[in-house]
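Protein chains in written order, with the working numbering: chain A, 1 to 219; chain B, 1 to 278.
Hints may contain errors.
Ranges between beta-carbon positions, derived for each pair [as the list claims (entries may be wrong)]:
(1) B:Ala128 with A:Tyr82: 37 to 43 Å
(2) A:Arg59 with B:Val262: 21 to 27 Å
(3) B:Tyr234 with A:Trp133: 37 to 43 Å
(4) B:Arg94 with A:Ser206: 19 to 25 Å
In short, the hints are calculated from the structure, not lab data. By construction, the Cβ of each residue, glycine as well, lies at the ideal position given by its N, Cα and C atoms.
If you want the building blocks of each chain, they are given just below.
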Amino acid sequence: MFADFDFQVIVEAAPILWRGMLITLLLTAVAIVGGILFGTVLALMRLSRFMVLSVFSGRYVDAFRSTPLILVIFWFYFAVPYVVGRPIGDLYSVLIAFTLFEAAYYCEIIRAGIQSIRQPQVHAGLALGLSQWQTTRSIVLPQAFRNMVPVILTQAIVLFQDTSLVYVVGLKDFLTAADLVATRDNRVLELYLTAAVVYFVLCFISSMWVKRLRRQYAL
Amino acid sequence: MEMKYNWDWSVLLCRLPEDDPTGTSETTFGGTTATAGGAAQTFDTGADCAQPYLDWIVSGLGWTVVVACCAWVITISLGSVIGVSRTVNQPMVRAIATTYVEIFRNIPLLVQMFIWFFVVPELLPEDAGRWVKRELPLPEYWTAIVCLGMYHASRTAEQVRAGIESIPLGQTHAGLATGLTRVQVYRYILLPVSYRIIIPPLTSDFMGIFKNSSVALTIGVMELTAQSRQIAEYTFNIFEAFTVATVLYMMVTLIVVTVMRVVEAKVRIPGTIAMGGG
Chain A
1 MFADFDFQVI VEAAPILWRG MLITLLLTAV AIVGGILFGT VLALMRLSRF
51 MVLSVFSGRY VDAFRSTPLI LVIFWFYFAV PYVVGRPIGD LYSVLIAFTL
101 FEAAYYCEII RAGIQSIRQP QVHAGLALGL SQWQTTRSIV LPQAFRNMVP
151 VILTQAIVLF QDTSLVYVVG LKDFLTAADL VATRDNRVLE LYLTAAVVYF
201 VLCFISSMWV KRLRRQYAL
Chain B
1 MEMKYNWDWS VLLCRLPEDD PTGTSETTFG GTTATAGGAA QTFDTGADCA
51 QPYLDWIVSG LGWTVVVACC AWVITISLGS VIGVSRTVNQ PMVRAIATTY
101 VEIFRNIPLL VQMFIWFFVV PELLPEDAGR WVKRELPLPE YWTAIVCLGM
151 YHASRTAEQV RAGIESIPLG QTHAGLATGL TRVQVYRYIL LPVSYRIIIP
201 PLTSDFMGIF KNSSVALTIG VMELTAQSRQ IAEYTFNIFE AFTVATVLYM
251 MVTLIVVTVM RVVEAKVRIP GTIAMGGG
């Protein structure tokens, strides 16, 4: 039980865990940035007047949202080398998988944000002589993003937790590093509980911060 | 980009040779049926056909559905209890419920899965721990069900709470004024109304459980994603294996969403915006 809980194991594992955490943070950051950029494109396609674009975007979002993330990770891990014609390494395949997967979720968030902007604002922009694109860029998107910030950040916390799933292809993120040490030193209890505590503290603090932000940002 | 890949869907459809009497009987005939027999034979007993892959897929889908549905039963019952606890007047009860939600929501599912499977049996009293490790049949399946159920209960609790809080306080007061007890107010007014309001988020919670059941493959549950990866590794027909799994996940999603839309329309509360009109 807890009587022989060995803190020394955790102290010695700290450098390995830290390297793992850097991978986890890198994955989270790339997936957030890439996901928001591509998600915005998808959202604009979804709301576009051109049927082809809007149908494509709708199908894309439905496909990714009804597939488990692990299956998506497998798809890219095993299939991308075939498509590209050479191995690209587990880090790149996972980065691509996460970016494309998260884009589907960010697309829905951004679409809701854009649709929360009232139509007369678009008309006002057009009446002032701005083009459709200028109206979107300088009137709709800035306000939409302001409304969306809390939701985007909440999704980012979910994403941060989801990056632990790269364990299934053996990429050495924080959890996989903890798991490696746990099996190597036969210290399952210490390492898994440490991982749980670290994830909990980071996610709990961030979600408290988002909650405060939500109050500040409320229009 | 040139893709060097040989599509071969027949790999997934083939069966073990001894399961297929036509395959063996065809080979004993010569003459006019030779071409048909020959074709059937390569189809049935080709090199890649060492395992009943179709059966693997079917069993994987079965386990995905079983694990998700059992976990959902835990989710909806525990989630309701905790959701209600967060709305009652006792600060102690509320604090416990809030703690539950924060803990289970802020630790990744995979970490929880590992803790349930590897750590919890060690923390149990000796006899119970030994029973879980040695005697409990299919321990990974039970673990996955409990873990998924309790993880998603924290999310469902938030939906239930939001549903209850969305009902105007006047209705509670009216209930109490007519002589109902607090429990009766929940039983006859707050819960029936809030469940009807929160059907859409509950549906997406269920889809979440269904998709997250794939995380159970990390502790050895052979559900759909695990089976499709196994087929991919056995046959190298990765595109076929993962396509089948993806399409099955999409089909189940489509069925659940369609059914829930009908349910939602059936139990819709008259007079709400969702009803349309007035």
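Going through the hints against the structure:
1. B:Ala128 with A:Tyr82: 37 to 43 Å: violated, 48 Å
2. A:Arg59 with B:Val262: 21 to 27 Å: holds, 23 Å
3. B:Tyr234 with A:Trp133: 37 to 43 Å: violated, 51 Å
4. B:Arg94 with A:Ser206: 19 to 25 Å: holds, 23 Å
Of the numbered hints given earlier, the model fails hints 1, 3; all others are met.
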